[in-house]
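Whole structure, please, built from the sequences with the hints as guidance.
Now for the letters of each chain:
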Amino acid sequence: MTEPRQIALRPPETVMRLSRLGSLHQCRLSFMRILLRRLAGEAWRFERSVFDIDDKGVGHAVYTAHGPERSYSLVAFAHDLPAELRSDRVIAEAWDATFAMFDGVPDAADIERLSQNVPLQEAGRVSEKELSLSRANRSVRLWAHVTEALAEGRQPDRGTMDDVGYLMRTTAVYGSGKFGAADRDKVAQRPEVHAPFQVEMMSVYLTRWFVRDLVEHMARCKGGAKAVALAPDIARGLGIGNSTGLGMAPFLINHPVLVNNWITVREEAIRRVRAISNATPEEVLTFKDRLARSEISVARWQSAHEIQKAKLAALRADLDDLSTHLATFDFDVTHPWDELAVWAEGGLSEEGQEMLLSLILEPYGALVDGLASCMADDSGREAIDGAMPVAEVCALLERQFAWARSLDWSDKKTCARAWYVSEEKLEPRLGERFEEPVEDYEQPLAPARDAVAALSDLEGWADEAAVAEVLLKHPEHRHTVRRAQISARAPYGEIRDNTISDQVMPIDMLRAKLSFFGATHFDPRSDRWVRICMFAGAPYPTELSAENVDDWVYPGAPE
Amino acid sequence: MTVSFNEVEAMAKKAARGAGYAWGMAEEAGWATRWLCARDLDGCAALAMALQEINGTKIRPISFENGELRVAEGAACPVHAGAALSDFAADLRQGPVRLSHVAVPMLLLPFAANVARRIGEPVTVRGNAFEAVVQADAASVTGDIAVVSDSVVVTSGGTLGDAASGAARATPTKADWATLGEFAHRTYAPATEASRLKGAGAGTNDND
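Here the protein sequences line up with chains G and S, keeping their order. So the number in this note's numbering is just where the residue sits in the first sequence, counting from 1, plus 1335. So the number in this note's numbering is just where the residue sits in the second sequence, counting from 1, plus 1306.
Hint data in this document are derived by calculation from the structure and do not stem from the laboratory. Glycine included, every Cβ here is placed at the ideal spot set by N, Cα and C. Treat the hints loosely; a few may be bogus.
As the list claims (entries may be wrong) - Rough simulated footprint, nothing fancy, chain G against chain S, three-plus residues with beta-carbon under 8 Å:
1) 1322-1330
2) 1384-1396
3) 1451-1464
4) 1492-1504
Right, here's the structure in full:
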């Protein structure tokens, strides 16, 4: 009936800029939402089998999720942490609570073993029976307020709850074989954890349940018979915070195939929806509902950081503009979603554009949710193809990094920073190359600079020479040649910005990854660490149903 | 102590970098060590020995001519030689590749597996005191492959013997793990108060 409209994927040079990656929002394909859809769809069963915590808040608890084939247990240890030891930094050595995800159901010997190690976090060891290791600290502000209120028999103040959003925030959640845990290979082919970070998301989701139980327990210890439980609707609004530092930034550079798959999947979902020629009234209603509820979420989103404050102001203005535009927008035009997307490119900030693109996916679960199975990296490592001609390697590098050749790499500002790892808990850090003694320890996290250097050497070789010949003479370009060859099958794998310039904002990299987790309310605390909220609004495990699993991330759901 | 393969790879990569490898070559060392451990061959011991061999010396450049990978003097680093073997995989179709004087030839096996995958048939690696047959995902070894070999010949073809059964975890000796750890430590910047505050962007309250 209508003329076909060819909608292309947005090109990497548009999508992979740091400022845009730093403006991404959660969507249907975020890892938390993938997880909860599966748990609800497969009718997973949940139980709290142990809650052995004293009136000081010290002890342990076990929460188990039973799926169709396997079970997974969160083993939680609660501690009485002196205030002066509470820090979200990686260099902390004690926490309010520590956790391990156990593969199956732990027995008494497992719990005993874990009790000797999990509270120590990096200084302990877990085993191949454990899938992740994590910890959390209380939000001092909200924890005190909520325990006091509940102990006195009243509900906590809504405004205070909304201001903070969570009772505890996690810091590191370590998976994939770290500190002795099981390798990713052990579970990668299980359908329930095949998509990225499903174990880690499950760990955080069960942690949220534990935290609710713990705060109610502490209120009962304090208030006795007077104490009340959290009202279900208030509890529902609570998320789990997370405080994330630079450790996440190298991940994006070190996993180009994974990043490519995440971005490609979201872009393909957007492309599919933009290609729809006609929207039904129900689909338009769903979109408008999620948009209206996003406005509530954005209104609650607070940040004290100047950069994020400016971005939030722009986003709020964007939402006003969008609202004005939609007042007269005719959804009966052909390709209405593409029309909206094109309009947004011309008129909204990157925050607003990306929020709109995430929102237009909402009515189309049947069309886009299946893409979740394409987000893992199942490709395995491929050896460098040494027979590839030099000209082809150069072409691949040019395709990703042509923009970087026009930068002046002799200018100190262009390479002002150096990524390094401190011997202190092996924490990744970002230093000033020309002011601190860190260059000798520099990590290979400047692909653009390295690509320009490799191109300069490669161009001295004959076009048809095998790159193997070059690598014999120039082992220093080996990682760059590998990335070039990976980029042939992972076009969205490289960030199209300089990751060591004096202007680089590491939080943009953190935000990109966290948006794929499904985080909301990004609150940068500096240019290199950020707080977020996870699972706010989500049904608790025993409340999960087909009806509430789809739209929980948007506040104000009908009860 | 058992360690995960992820830990092996991360440790081996850092150790190789600490010993002076270029980053891309350190990645090869990490992957190769993991490949060996996953096949129940002691990759950590092999890498620890190889790194001690080159400790403090400049890594010797390798040349490849007429089917021979060689260094001007001394023993070739097996990771660098292996990477070259892998990069020139297609040449094995023309005839054997010879390597003179390789330290710890066990580390060649993962790279021979790359070649096997590339040319679509098994690869035989023969040294003074050992013979190994390698496929893309398996290796069988007879004899002592952990020592320096005066010459190694790599040929296409061969029949896999009793392949080492896969391992679920790595079990490095404490001594080898500590050796790798010492090399890895060279990649860490010393902790300073300035770095602690500035480098990780702290400075605002994180206890609220």
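(request) Apply the coverage criterion to the segment 1492-1504 of chain S and chain G: a residue qualifies when its Cβ sits closer than 8 Å to a Cβ of the chain, and three qualifying residues are needed. (result) Contact hint for the segment 1492-1504 of chain S vs chain G: holds, 9 residues under 8 Å.
(message) Count the residues of the segment 1451-1464 of chain S whose Cβ falls closer than 8 Å to any Cβ of chain G, and tell me whether that reaches three.
(response) violated (count 0)
(message) If you count the residues of the segment 1384-1396 of chain S with a beta-carbon closer than 8 Å to a beta-carbon of chain G, do you get 3 or more?
(response) holds (count 8)
(message) Under 8 Å between beta-carbons, do enough residues of the segment 1322-1330 of chain S, three at least, approach chain G for the coverage claim to hold?
(response) holds (count 4)
Hint violations for this structure: number 3 only, all remaining hints satisfied.
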